[in-house]
Amino acid sequence: MTDSELYIERRKFKRTDKKISVSYKVVSIPNEIDDIKRQASRKVTESANISIGGIQLLDEMELVPDQILRLEFTVEGRKEPVITFAEVRWVAKDSNIKRYRIGIEFLVLKDEDKKMIEDVVG
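Residue numbers (my numbering): 161 to 282.
Among the hints, erroneous ones may be present.
[To be verified] Computed list of lysine-lysine pairs in PhoX-like fashion (alpha-carbon distance at most 20 Å, straight line):
id, residue 1, residue 2
1, K253, K172
2, K172, K274
3, K275, K178
Worth flagging that the hints you see were computed from the coordinates, not collected in a lab. Remember, predicted model here, so these are calculated numbers, not experimental data.
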C-alpha cells in the first residue's frame, strides 16, 4: 500500500477538487507580536479541495496548526456565503506552486451549508 493510499483511507469525508475564493481572519494565534500585527486583517486566498469536514487552502503565508480561523466563502450557484469557524490541522510547503497547503477542519457548519457542500462534493 502506498503512502497516498494510506492518506486517502484516513479521510472521514468524501472531497472534491474545487477552487473557491476564501477569505479568512485568524482569531487565535501564538503570542508573538509580529504575528499579531501580520494577522490583523482579513486575507483572501483560494481552496484546493473541499469536503463537509474541511477545506484545503493554498496560501503564500504559513499558518500554524491549532490556529482558529473565521472563514467566509461562496460556492457557485449560491448567493449567501458560508461563514464558519475552523481550525488549522496541518501545513505543508508545496515547492511546485511556491505556496503552503493548509488543511482546515470546520468546527461548526449550519445544516444548509453542510447540505450545499455535500451537493458540491457529489
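| Does the structure keep K172 and K274 at a Cα separation of 20 Å or less? | Holds, at about 15 Å.
| Taken at face value, is the distance from the CA of K172 to the CA of K253 at most 20 Å? | Roughly 23 Å separates the two Cα atoms, so the pair is violated.
| query | Taking 20 Å as the top limit, are the C-alpha atoms of K275 and K178 close enough? | reply | With Cα atoms ~16 Å apart, K275 and K178 stay inside 20 Å; holds.
The structure is inconsistent with hint 1 alone, although it conforms to all the rest.
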